[in-house]
Amino acid sequence: MNILIADDEPLARSRLKRLAEESGDIHVVGEAGDGKETLLLCEKTNPDVILLDIRMPGMNGLETAYHLSHLDNPPAIIFTTAFSEHALAAFDSNAVDYLLKPIRQDRLAQALKKARTVNRAQLIELSKNDDADHTRSHISAQISGNIYLVPIDEIYFFQADQKYVTVRHKQGEVIIDDSLKSLEEEFGDRFIRIHRNALVAKAHLDRLDKAAPGQWSVKIRGVDDKLEVSRRHMTIVRKLLKNTAK
Amino acid sequence: MNNLSSDSGKNSGSNKNTPIVDDFFLPDFCNVQMVFSVILIAELLSIILTLAPLDTNGTRWEELGVISLFVQWVALISTGVLCIARAWLKKLNDTLAATASYLVLISTTTIISEITYWTVRWLTVAETARIDWYSDFLWRNLGISAIVSAVALRYFYVQHQWAHNLEAKSQARIQALQSRIRPHFLFNSLNTIASLTRTQPAIAEEAIEDLADLFRGTLADTSYEVSLSDEWELARRYLHIEGLRMSERLRVEWQVNDLPEDALIPQLTLQPLLENAIYHGLEHILGGGTIYINGKLENDLITITIINPVPEYTHPSQRTGNQMAQENIKQRLSAVYGSKGKLIAEQTGNQYQLTIQFPYTQIQVRE
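Protein sequences, first through last, are from chains A and B.
Residue numbering for the first sequence follows the numbering used here, beginning at 1 and increasing consecutively.
Residue numbering for the second sequence follows the numbering used here, beginning at 1001 and increasing consecutively.
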């Protein structure tokens, strides 16, 4: 069995590696120190199971698992944590595997034997509890079988057409299958709805321009094209620009 | 698989705190133990009433029998009524509930007195001349009942307050302890030590010693002041353990040579702030960062600043995490130094700066 260890602490990784290898018939194919590295190594090494620390810098374990769930053949996941007061009940009730640090060898062996994948619905439930960060740090899209990550602060806007949502970011464009509504719920404090079909990053919002009589559009810093603002959202866009100008 | 770790999950996770003391001052009279105490107290009262009169026409034993019969009736029926009425009384506020219980006790006495009187009269039809004892009997009983009931209710109230305070105190103590040590830190440290024991036993040993010192400091009464050098020592031990865990992601720059080592500082002021710097700052940053600790002494005022990087963006719901330890330290500083003890927190961009300030008092060296 091939496993990947993800933990930001080198000592925690080395102990886990030793325990896993002593359990026999287990091969540690990689060690990752943060979420992004985990995703990269996962694509490269194709492990059967990932031992995934929940608390990691940059992208935490839950978010990493969320992005992994977009893969065609996602690996099984066992979360590891030192302490998490509210989360454990949620893990139990959603039938998601976890191990408490310091991890016991027999528990690890037992967990690896029965490890299973985690789906997005389970992860969304898990992220609802108190001590988890509710929002993702990245948006992920699948491009030719690989996970493509876009950091939230590099996103200019989300725009929906009939079927998909396009993410316009510093590096270009990707298409994702999240709905604009769920994106607004998740990132409501960083993005503003300017139209039925568009969410714009507040940080990149530049100014309002008159497009035609009674029609307005916003200029977004870093992007050439302008986005239409619907009459319904005019007031709050104007208010936001006024406040940031101060 | 579901119950892979469920046993430990239950221990640390979902145990709900139900207060032992219920929020109502009247005890549960349906409880057998309570009924027994009522009988005992009623009997003691009967004995007092028997012993009290100076002269007696019958033998004291006979009188005790009669008085006990009467007092027990009153006591047990009152107990029964309060047992049934408790659920209802609980909904009232304390004053109303006390008044209602008082009325219950007095009316029970009145009713039993009436019944006693009429039964005695019916049994002794011939001696109609004795009717005049009625009012004397009734008023005496009411008087005794009024005083005993008032004392009993007052006793229950005080007893309840006492139990309530006791619980509140122990709750506060537990909360204070929890605010001082993060379970995260404890388990992470144990994990670090578990990893070191085989590969680097000497360092593991050091880490255990550091952890022991830290816990001693944490469990001590923090109303004490300690010398600044002791406080630095504790902070260094803490940072040493965290350094083992985070390795090169944690860097610390000290500039505290200007500070007098013999200055007094409330115990455990610095370590919780450094813990915050790591827990809310460095741990969330990919490459980690540097904590700058500066100290200076000016005009007999000691100023210590702790500067640490924080992630670019934190969700609004997460920003409140710092508050508990900071609030606790702020209160302690102002408790010891009044308006001269300050804690100021400010964030500029991704730098978080904490400043604490307090007057310089030299430690008293014991001869």
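No wet-lab data here; the hints were simulated from the structure.
Do not rely on the hints blindly, as some may be mistaken.
Here are the simulated SDA-like pairs of lysine to any residue, each with C-alpha atoms no more than 20 angstroms apart in a straight line [stated by the list, open to error]:
| id | chain 1 | residue 1 | chain 2 | residue 2 |
| --- | --- | --- | --- | --- |
| 1 | A | K17 | B | S1247 |
| 2 | A | K36 | B | F1187 |
| 3 | A | K17 | B | F1187 |
A few chain B residues that don't get close to chain A, going by computed Cβ distances all over 12 angstroms [claimed, not checked]:
| id | residue |
| --- | --- |
| 4 | I1039 |
| 5 | I1041 |
| 6 | T1110 |
| 7 | W1139 |
Idealized CB from N, CA, C, for every residue including glycine.
For each hint, the structure was consulted:
no. : hint            : result
1   : A:K17 - B:S1247 : holds (18 angstroms)
2   : A:K36 - B:F1187 : violated (25 angstroms)
3   : A:K17 - B:F1187 : holds (19 angstroms)
4   : I1039           : holds (46 angstroms)
5   : I1041           : holds (46 angstroms)
6   : T1110           : holds (55 angstroms)
7   : W1139           : holds (63 angstroms)
In the structure shown, a violation is registered for the earlier hint numbered 2 alone.
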